[in-house]
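The task is simple: from the sequences and hints, build the whole structure.
Residue numbers (our numbering), protein chains in the order written: chain A, 1 to 244; chain B, 1001 to 1306.
A couple of the hints might just be wrong.
Derived DSBU-like pairs (lysine-lysine); straight-line CA-CA distance at most 30 angstroms [claimed, not checked]:
1) K1175/B / K1192/B
2) K214/A / K19/A
3) K90/A / K1185/B
4) K1181/B / K1171/B
5) K1171/B / K1054/B
6) K1119/B / K1072/B
7) K29/A / K5/A
8) K1192/B / K1181/B
9) K151/A / K5/A
10) K1045/B / K1185/B
11) K1181/B / K1054/B
12) K1171/B / K1192/B
13) K1252/B / K1185/B
14) K1276/B / K90/A
15) K214/A / K181/A
16) K90/A / K1126/B
17) K1230/B / K1126/B
18) K1252/B / K90/A
19) K1045/B / K90/A
20) K1072/B / K1230/B
21) K1192/B / K90/A
22) K1171/B / K90/A
23) K29/A / K19/A
24) K181/A / K104/A
25) K104/A / K1276/B
26) K1060/B / K1175/B
27) K90/A / K1230/B
FYI, nobody ran anything at the bench for these hints, they're computed from the structure.
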Amino acid sequence: MLSIKDLCWGLGSGEEILKNVSLNIESGKMTVITGPNGGGKTSLAKLIAGLEAPTSGSIVLDGQDITGWDITERARGGIGYAFQQPVRFKGLNVRDLLELSAQKELSDREICELLGKVGLCANEYLDRVVDSSLSGGEAKRIEIATVLAKKDAKLLIFDEPEAGIDLWSFTSLIEAFERLKETEDRALLIISHQERILEISDYIAVIADGQVTKYGTREEILGGLLGEEKAVRCPLGKDKEENT
Amino acid sequence: MNKTTEELLGIVSDWSGKFTGAYNIREDGACAGRQSSENILIENKEGAPGLVIKIKPYTKGETVYIPACVTKGGIDDLVYNDFYVGEGADVTIVAGCGVHTSDGHDVRHNGIHRFILDKGSRVLYKEKHIGTGAGQGAKRIDPVTDIIQGEDSYLEMDTIQIGGIDSTFRKTTGKLGKRAKLVIKERILTDKEQRAETDFAVELNGEDSGADIVSRSVARGNSYQEYHSKISGNARCTGHSECDAILAENGKVNASPELFAGDIDASLIHEAAIGKIAGEQIIKLRTLGLTEEEAERKIIDGFLRG
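Next comes the structure, spelled out in structure tokens:
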């Protein structure tokens, strides 16, 4: 459903962040992108969601070339994107964001269901303003819920959904991803270092130094990755700050 | 009442053909309708244009409406309204104001409101201002609010200037007794060449009194806003003021908060933030399917809603 071909992107300084990345994302499957921090994973997600424009290459969604589409067009075309760092708003509350994403008014029950999927006790959050009064974990879970609310999305992208989430909520999140896989024919693209997320994936792509260094089914990739991790005692390459 | 008044009433005081309970409708400087209730007495003020509103002690759950509309250019409406809120009362006061001009003459409403809250009373005061009409005449609203709060009283002022006012100067003063609490939520939107100036001066004179002043504003076009607040802590007390402003286009905002601690146990805080809408906020809403313009409007609406 999503085909990325020879995608390149770099910083204004000339530094190349992504180098000829090609990848296919299938409907109804979960693809996890992992690899060392700074390798280009978030950059790739931003290019898919339209937050950045590639210097070359193409992105095709359901047979349509969307490379030139802007953020709004891609969202309306069916791409949902959960930010790694949730955005705060003075004045917009949880209900506002979820309804904007769902493009309709939501009942309290529908909102509760969405928030329940990310481990939030809904009644406390229905009308809570999404501002700096929320903890990092709360904001992160609400960010994920806004993407889960996007019912028309064909592709849901989550950038490090595990970051800042406690264990109990993380378990709820894993369950939500598994339910999405089982019940809906949508593609999930998750950027993660988390072993439990890798374990429920269908496909794994490793991106390092701006290139896809490994790609295959979970069975083909995961064992080797975990072996490498043990060998270097470095959890899936967390060796430098993610800033790209 | 003329049609413009009816339209303005619908905007500023949620009027839908009638008010229930006590009310006074002011239209172009004259009374267009009045009703007192068993517990809320509305009378003419002696020696000056305006009203005296007396709320009996322990009145609970009632709302009194005192909207004012000026519907023609060339009118400069000045009104003095005094509210006496009896001990233990708990009421809502709705005091919206709309000014309209469809010609080249200026139109102005200047409402001078005085609140005297007796011991233990509680008031929610709602004030919505708007200017309408395509006339070239300037639309002005210059409210003055003077508050005297007795011990254990509580006043919450929720004021909003929706738009269309070319010039406003809003002056609010408060003197609080023991354990009295004053909460002010002000929201102002200016555009084009409009100007808004707001000035708060609150004296926390009673032990354990408190004030919380929050002003949110959006300055668009070539508009200019000025915010000044002074909280004086003259006893053991808590005071907080917050001024948040969003700038768009060539909007300008000058915020100058002031705190005075006249007692060792006065605890006073001020927060201020002025800036344009954060780009990441626009981007986030665009990832939900909004255009840039829709996202900006949504962010501003939410911000002003508070």
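Hint by hint, here is what the structure shows:
1. For a cut-off of 30 angstroms, the pair hint linking K1175/B to K1192/B is broken: about 36 angstroms separates their Cα positions.
2. As the CA atoms of K214/A and K19/A are separated by approximately 14 angstroms, the hinted pair is consistent with the 30 angstroms bound.
3. With a C-alpha separation of about 14 angstroms, the suggested pair K90/A and K1185/B falls inside the 30 angstroms cut-off, and the hint holds.
4. With a C-alpha separation of about 19 angstroms, the suggested pair K1181/B and K1171/B falls inside the 30 angstroms cut-off, and the hint holds.
5. Proximity of K1171/B to K1054/B is assessed by CA-CA distance (about 23 angstroms); at most 30 angstroms being required, the pair is judged to hold.
6. Among the hinted pairs, K1119/B with K1072/B is inconsistent with the structure: their alpha-carbon atoms are about 41 angstroms apart, more than 30 angstroms.
7. In summary, the hint linking K29/A to K5/A is supported, as the alpha carbons are separated by about 19 angstroms, within the 30 angstroms threshold.
8. With a CA separation close to 36 angstroms, the supplied pair K1192/B and K1181/B exceeds the 30 angstroms bound.
9. With a C-alpha separation of about 27 angstroms, the suggested pair K151/A and K5/A falls inside the 30 angstroms cut-off, and the hint holds.
10. Taking the CA atoms of K1045/B and K1185/B, the gap is near 28 angstroms; set against the 30 angstroms cutoff, the hint holds.
11. Annotation: proposed proximity of K1181/B to K1054/B holds, straight-line Cα distance about 21 angstroms (limit 30 angstroms).
12. Straight-line distance between C-alpha atoms of K1171/B and K1192/B comes to about 23 angstroms, which keeps the hinted pair within the 30 angstroms bound.
13. As the CA atoms of K1252/B and K1185/B are separated by approximately 21 angstroms, the hinted pair is consistent with the 30 angstroms bound.
14. Of the pairs offered as hints, the one joining K1276/B and K90/A holds, with about 13 angstroms between alpha carbons and a cut-off of 30 angstroms not exceeded.
15. Of the supplied pair hints, the one linking K214/A and K181/A holds, its CA atoms being roughly 23 angstroms apart against a limit of 30 angstroms.
16. For the hint pairing K90/A with K1126/B, the CA-to-CA distance comes to about 22 angstroms; that is within 30 angstroms, so the pair holds.
17. In summary, the hint linking K1230/B to K1126/B is supported, as the alpha carbons are separated by about 22 angstroms, within the 30 angstroms threshold.
18. Between K1252/B and K90/A the alpha-carbon distance is near 20 angstroms, which keeps this suggested pair within the 30 angstroms criterion.
19. Between K1045/B and K90/A, the direct Cα distance comes to roughly 42 angstroms. Violation of the 30 angstroms bound is thereby established for this hinted pair.
20. Restraint check for K1072/B and K1230/B: not satisfied, since their Cα atoms lie roughly 36 angstroms apart, outside the 30 angstroms limit.
21. Distance restraint check for K1192/B and K90/A: the Cα-Cα separation of roughly 24 angstroms lies within the 30 angstroms cut-off, and the hinted pair is therefore satisfied.
22. Straight-line distance between C-alpha atoms of K1171/B and K90/A comes to about 26 angstroms, which keeps the hinted pair within the 30 angstroms bound.
23. Of the supplied pair hints, the one linking K29/A and K19/A holds, its CA atoms being roughly 25 angstroms apart against a limit of 30 angstroms.
24. Between the alpha carbons of K181/A and K104/A the distance comes to roughly 24 angstroms, so the proposed pair stays at or under 30 angstroms and holds.
25. With a C-alpha separation of about 28 angstroms, the suggested pairing of K104/A with K1276/B holds against the 30 angstroms cut-off.
26. Between the alpha carbons of K1060/B and K1175/B the distance comes to roughly 24 angstroms, so the proposed pair stays at or under 30 angstroms and holds.
27. A C-alpha spacing of about 24 angstroms is found between K90/A and K1230/B, which places the hinted pair at or below 30 angstroms, so the restraint holds.
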